[in-house]
Every structure is written in C-alpha cells, then in structure tokens.
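Given only the sequences and the hints, what does the whole structure look like? Please build it.
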Amino acid sequence: MMEPKFTTGQRVRIADRTPPVHHRVPSYAKGRVGVIERVCGVHGEPEKFIRGDGEPAQRIYRVTIPQTELWNSYDGTENDILEIEIFEHWLETAE
Amino acid sequence: MTDHDHDHSRTFQADHPEPTTDAARIGLALRELLIEAGHYTADEEQAEIAKMQGASPENGAMIVARAWTDPAYKERLLENGGEALREAGFDIAPYEFTVMENTTSVHNVIVCTLCSCYPRSLLGMSPAWYKSGSYRSRVVREPRKVLAEFGVELNDSIDVRVHDSTAELRYMVLPQRPADTDGWSGEKLASLVTRDSLIGTQRDLSAEE
Chain A
2 MMEPKFTTGQ
12 RVRIADRTPP
22 VHHRVPSYAK
32 GRVGVIERVC
42 GVHGEPEKFI
52 RGDGEPAQRI
62 YRVTIPQTEL
72 WNSYDGTEND
82 ILEIEIFEHW
92 LETAE
Chain B
224 MTDHDHDHSR
234 TFQADHPEPT
244 TDAARIGLAL
254 RELLIEAGHY
264 TADEEQAEIA
274 KMQGASPENG
284 AMIVARAWTD
294 PAYKERLLEN
304 GGEALREAGF
314 DIAPYEFTVM
324 ENTTSVHNVI
334 VCTLCSCYPR
344 SLLGMSPAWY
354 KSGSYRSRVV
364 REPRKVLAEF
374 GVELNDSIDV
384 RVHDSTAELR
394 YMVLPQRPAD
404 TDGWSGEKLA
414 SLVTRDSLIG
424 TQRDLSAEE
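If you're matching them up, the sequences are chains A and B in order.
For the first sequence, our numbering gives the first residue as 2, with consecutive numbering after it.
For the second sequence, our numbering gives the first residue as 224, with consecutive numbering after it.
Think of the hints as simulated: they come from the structure by calculation, not from any bench.
In this text the structure is predicted, and so the values were computed from the model without any measurement.
Any given hint might turn out to be false.
As the list claims (entries may be wrong) - Subject to a maximum C-alpha distance of 30 Å in a straight line, what follows is the list of computed DSSO-like cross-link-like pairs (lysine-lysine):
| # | chain 1 | residue 1 | chain 2 | residue 2 |
| --- | --- | --- | --- | --- |
| 1 | A | 31 | B | 354 |
| 2 | A | 31 | B | 368 |
| 3 | B | 354 | A | 49 |
To be verified - From the derived model, a few chain B residues whose C-beta atoms are all more than 10 Å from chain A:
| # | residue |
| --- | --- |
| 4 | 265 |
| 5 | 399 |
| 6 | 405 |
The beta carbon of each residue, even a glycine, is placed where N, CA and C say it ideally should be.
In structure tokens, the structure reads:
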C-alpha cells in the first residue's frame, strides 16, 4: 500500500487543468488552496480508467476550502467551508 | 379444480417498454456484452438490484438511533464510517462511508456537483431534487439561501459545511437528537429520523408524533 504524500492539516493546491477525459474535479475547485481534512483510502484513478489503461490506484484526500475564498461576495460567514474529495495526483503542497 | 376467482384484468402487468433512445439501447447492449464476457452474471445483477430496492432511509435512521444511544458507537461511526456500518450489518463497499455530525454550532449538507453520488445501497434512491442541476449548482455557492428554501434558517453562529461527494466517498449527516427523548428505545428514536435530515436539507427533528 502506497504511503500518503500529504497529512491532515497540510495546505495544498488543487491543480488547475482540464484533461480531455472524464475526471472528478469540478471546475470551481481547480486552482484553489485548501487544507487536508483527512486522509482517505486508495481508489482507481478515473482519468486512466476511462482510457482503458487499467485503473491505477491513487490516494484520496478530503480538502477543506473556506467558502469566502471560493466565491466572490459569498453570502455567509468566514467560518463556512466546503469539503471535497481530491485524488493525490491533483494536489501539490501550497505555501 | 379450485375456483378460479382472481381477476385477470387486475393482475395483468404491461411489458417493459422497448427502449426508444440510443442511450437506452447502448445501455442494454453494454449490459449484455458485460454478462456475455463474464464480468458478472445475470444472477449477480438481479441480486444487486434486489439489494438496492431493499435499501431505504430507514437503514440510515437505525444507524443514527444507535449513535444517539451508544456514545462509543457514535465515536466509531464518525472515525471510520465503513467499519461502523459493517458492524451494524450494512456494507457500501467499494465506497467509503463518511458521517458528518451536526452540532449546536455546525450544520452539514451533502451534494454531488458532478453527478448525483449518493449512498444508494444504504438509503435507497436519492430524491429527485438531489439530482437536479439547480440544487447541485446552487448549494455549493449559496448554501444558506438554499437551506432556507428547505426551511432550514441558520443564524451566523452556526457554521455551514458543504460536502461535495466527488469521488469514492459517500456521505450521511448525523442529525442532532431531539430534546425530550430521554429513555426512548432505539426503534422509537429511529422513527423520528427523516431522509432529508440524513442529507442535511432538514436540521431539526421533532419528538412530536
């Protein structure tokens, strides 16, 4: 079992790219910085699966992003958050 | 010979309609190819459909009632939902099961913006609005407004947490136990839990019958 690259509490940036295949990162989350809320399990990578390249496993993380950083003029408080599942190959360490 | 007393006009069932769209034809052809190629059997498919049809929000309500009455179970449920689910006799593998707890200062709500991921094999079919483009696109960017439309008015002392189910995790909200339910049985408590409270579009459960 591969070791997780990131740990809970670490700041990460979600990649801003659009592969020409099925992928599981909604556009609103692309390029955003968040914090790892928890390290999840290892699952098949959707981009490879759809190409018929087999289904290599990738770690999934739950990433917390403040709502006020996602949307202009967000109608809520600065404690409101959005949490989303992101595969490891979409994440890089953020400052 | 016994009397033939049932009414055939009332027991007659219409055939399933022939597929009329390309998507439906492709779906049927794909299913037949997968079975023919031995990826799974028709019996396995039948068993899976029966399992899905047997699923309902009542399963989730039982889990919630158990968490309300057994603090150690609640801790396990929040820590590792999949394990706690198996302990209660359910399994949604290969998906991970993630339970988010509502408190006096936190409200959780679940969405799948990309499609309509939902813990179907546990809770049954998701409601139509959960699959609507309107809910999926709006609840991530204006959750308080959408929740208010569902009747959930939240003041600023309550943090809103939106969970976008984008990959291999499936979610359920653990609603707060209603007041005035001390000493209630698990069964009676479970009867208070609604489907929408498991998704987060309802917050307050009532002990009123």
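Hints not upheld, ascending by number = none
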